[in-house]
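*Asks:* Based on the hints, put chain B in the right spot on chain A.
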Amino acid sequence: MLLSRVLEEKLGSLYRAGGRIVGGVYLGKGQEAFSAALGVQLRKGRDIYGPLIRDQAGRIAFGEPILDCVRTYLGAVTGPMRGRDGNIHRGRPKEGHLAMISHLGSLLSVVAGGLFARRLSGTLADSIGATSIGDGGTSTGAFHEGLNMAAVEKLPIIVSIANNQYAYSTPNTRQYACENLVDRAAGYGIEGVTVDATDLASCLKAFRAAADRARAGGGPQMIVGTLLRLAGHGEHDDASYIPDTKRQGASARDCLQVAEDFARDHGWMSSADLRELNEEVRRNVDQTVSKVSKEPAPDPFKENWQALSCAELVEGQHEA
Amino acid sequence: MSITYLEAIREAQYEALRNDPSVFLYGQDIATFGGAFKATKNLSKEFPNRVFDAPISEDAMVGMAVGAAVEGARPIIEMQFADFSSIGFNQIVNQAATLFWRTNVPCPITIRMPSGGTAGSGPFHSQSMEAIYAHYPGLVIVTPATVEDAYWMLLDSVKLNDPVIFCEHKFLYYHLKADQIGDRELPIGKARIARPGRHATIVTYSAMVHEALRAAEELQLDGYQIEVVDLRSVKPMDTDTILASVARTGRLLALGEAFPWGGVTAEIIARVTTDGFHLLDAPPMRLNSKDTPIPYHPNLWKSHRPTTSTIAAALRRLLRN
Chain A
1 MLLSRVLEEK LGSLYRAGGR IVGGVYLGKG QEAFSAALGV QLRKGRDIYG
51 PLIRDQAGRI AFGEPILDCV RTYLGAVTGP MRGRDGNIHR GRPKEGHLAM
101 ISHLGSLLSV VAGGLFARRL SGTLADSIGA TSIGDGGTST GAFHEGLNMA
151 AVEKLPIIVS IANNQYAYST PNTRQYACEN LVDRAAGYGI EGVTVDATDL
201 ASCLKAFRAA ADRARAGGGP QMIVGTLLRL AGHGEHDDAS YIPDTKRQGA
251 SARDCLQVAE DFARDHGWMS SADLRELNEE VRRNVDQTVS KVSKEPAPDP
301 FKENWQALSC AELVEGQHEA
Chain B
1 MSITYLEAIR EAQYEALRND PSVFLYGQDI ATFGGAFKAT KNLSKEFPNR
51 VFDAPISEDA MVGMAVGAAV EGARPIIEMQ FADFSSIGFN QIVNQAATLF
101 WRTNVPCPIT IRMPSGGTAG SGPFHSQSME AIYAHYPGLV IVTPATVEDA
151 YWMLLDSVKL NDPVIFCEHK FLYYHLKADQ IGDRELPIGK ARIARPGRHA
201 TIVTYSAMVH EALRAAEELQ LDGYQIEVVD LRSVKPMDTD TILASVARTG
251 RLLALGEAFP WGGVTAEIIA RVTTDGFHLL DAPPMRLNSK DTPIPYHPNL
301 WKSHRPTTST IAAALRRLLR N
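Top to bottom, those sequences are chains A and B.
Residues in the first sequence are numbered from 1 upward in steps of one, following the numbering used here.
Residues in the second sequence are numbered from 1 upward in steps of one, following the numbering used here.
By construction, these hints were calculated from the structure, which means they are not laboratory data.
Incorrect hints may have been included.
[Unchecked claim] Pairs of lysine to any residue residues, derived as SDA-like cross-links and limited to a Cα-Cα distance of at most 25 Å, are as follows: (1) A/K302 x B/S2; (2) B/K177 x B/W301; (3) B/K159 x A/T123; (4) A/K29 x A/K44; (5) A/K154 x B/N49; (6) A/K29 x A/G18; (7) A/K10 x A/D261; (8) A/K154 x B/W301; (9) A/K154 x B/G34; (10) A/K44 x B/P106; (11) A/K29 x A/A307; (12) B/K38 x B/S2; (13) B/K38 x A/V152; (14) A/K154 x B/G72; (15) B/K159 x A/K302; (16) A/K154 x B/P21; (17) B/K177 x B/P298; (18) A/K154 x B/P48; (19) A/K44 x A/K154; (20) B/K45 x A/T123; (21) A/K94 x A/R46; (22) A/K29 x A/G86; (23) A/K154 x B/S2; (24) A/K94 x B/K159; (25) A/K154 x B/P298; (26) A/K10 x A/K302.
Same shape as in the complex, but just chain B:
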């Protein structure tokens, strides 16, 4: 008996609906059909009148969730793909993110965003939006990399009294499995040491955690112990855990699948050089996707994003410095 990352997301929504009558689900094709990825499979059957199909209106979906939250509901919105949240961008960053600060009324909404690249998905079904939303005050941005985090962080997100952008990685949906969902270990806002080491630190999140772990395995053959920090949430970012890791290793590679300009990896580097410059034995490095739209063909796609081999190559350069 095992459970996938996707099934964990479905189970978390089941639990959220079961635990709290103020939770409801709203998104395109999520009711009878069960969602484009089946993340809401059977939920409309198990919870009649709690799971609703939305028109193709990302702006109205988010606006609706904000209005419902004012009335005490805790909606979970499913974006069919994170990419399409750009249509709801205004409601997310201007309506949801400012509500509490402006009016003192909390805005407990969770927006699920199937994020990141998979082979053949192309420019408009592969994007990683976490940096865009993290830029705006008033939002919490979580990026689970494990089955346990997909489950527990989704449940925690629904309970938070603030808007949460829940970036779930599509590449992990079916591939990533756990024997069972263990106990909840860390709250939102705390990073996790995914692998301890002492020669260099990779700070990353979401699907790239797994690429980083494989690269670390590869470097182990050369005798290097690479520490991998899984941020879990990119906002808030657990700067203390990052700095403590860099203090142990003296070397930093910030790794992300998103586009290179600005973004999460730039933020990691900025924080470490600002608050921990003295901890560094070598200039910190960044590795992101290429600065083009995300390509369709697998040959191009594999070269566009960081992979185990490009991460390993970056680590070798970092260790030579």
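In isolation and in its complexed conformation, chain A is listed as follows:
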């Protein structure tokens, strides 16, 4: 969580400084506990993870090195996306980390398909899948189709819904009409729970239980986390549409602060330990950014410009 927060703050400052990061920067501030609590349930190389826009913490917990993140944000040719895609649109599908596209809800069926194929080939064993979405993404047809299909197939998939109350600027009142998003779980014939997503301990408990149920054959598991996005949609957005009453409400608690207090209160870490950890994490992030800054940018003359894996089917360039 801390690494995620510090890394994203660094990315935000690079964005604001201009020049280094093209395109946007999208932060998961306020969602780290909910995201990381899912990521730690998953085992890289065995489970399938389809993270979304605000899952930096979950990706780290899953085992993605922050090098992959920084390289993708800076467009380095050494990164997993090689400058062909950027920022949060990254992954290593062969390691079970799917690379999201921007179309919300469309990753759910892809994660389900991976699990389906493993079941067919007899390699599913106790692996599970997981994917994340926000309150806004639940309104898409793709989300409905994907979740219904996963439910029909009784696939071991966790669907994590971060209800951060705003889809970009649109409040929940303009997004859905049910009392609580988790009510929809019954309609799909799957299990669903709600959790206070500002509280790491509750999140860990809920995701652990969901992962256990999924591994035990319980089918899809929906977890709805209640929280507030503590940043704009991206760093270009000041989130001025979120009223002060919301910003002072219970769902606006900073999950990182809550987790640190919890650790201190339980005597797991002292203030000095936390300070030290903070410094170590900052050093790590700074070193990573500095390393990637020296790496080569993609060269359009070395790019092969081929979208097919079968080179013999790539058409010649028909230039006028």
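*Replies:* Same frame as chain A, now just chain B:
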């Protein structure tokens, strides 16, 4: 003993399932029922747990295939009608078509699309989607016109490590027959000279190949030898074979059943005028359907699409120029 175009598609899927355990079939009503057109008849019986009914969720069907492909499977997805693939459009063009380029992980999926018009099918069960998908990088678009191509190109599609849009024409399902399936002659990406000639070239694909051949017969009575090029795949498009044909004849008619704006026939004309303008003895022509939704009543439908007589009339105009 003869085999229809539809039976060839069924046989190809049988072979694909038999040859490769990573192949599976997913689509609406395709398991016990055998598919709306019976293209998967008995396959679920012959290959238990390899042929699955899908919910009416074209988006999720394609997304699921992409996820399965990442895990090493080679799914064949049946769209009940090509028209409904518009619901899965996002997954096809944004998920499947970009996967390899973005992540270096190939996406070997085949999406079968029962395409094109038949009398009485109306606006939403008659569409030809090849141009829409050909527009997007990262997809291979095949359009078989013969029983042999329906069989071999489907088998080849399943073996390709890229997403293939397999446009099978419903009008040919039952009408088109072959005595037997011959040897595989051409790979995907190569066009075929369906009829040699020297006065004009028709470049076309799918069911229109047969209309073009009939029009060519008609023109033969007037003493004209019309060459017919069957593209077989619209992407990649075999520009070399098209240009070589136009070099022989000097005249070009680009023919397609799809809507007229943009599309495959426009692409053919663009390529020939760009790379072979000097080969042309007359302005090239295009013939497509009318620019309206596809009508229901046979009287209207027959006038909406190109037919032997409208193709023959177009050829006569082309030859007069």
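*Asks:* Return the numbers of the hints above that this structure violates; sort them in rising order.
*Replies:* 1, 8, 11, 15, 23, 25 and 26
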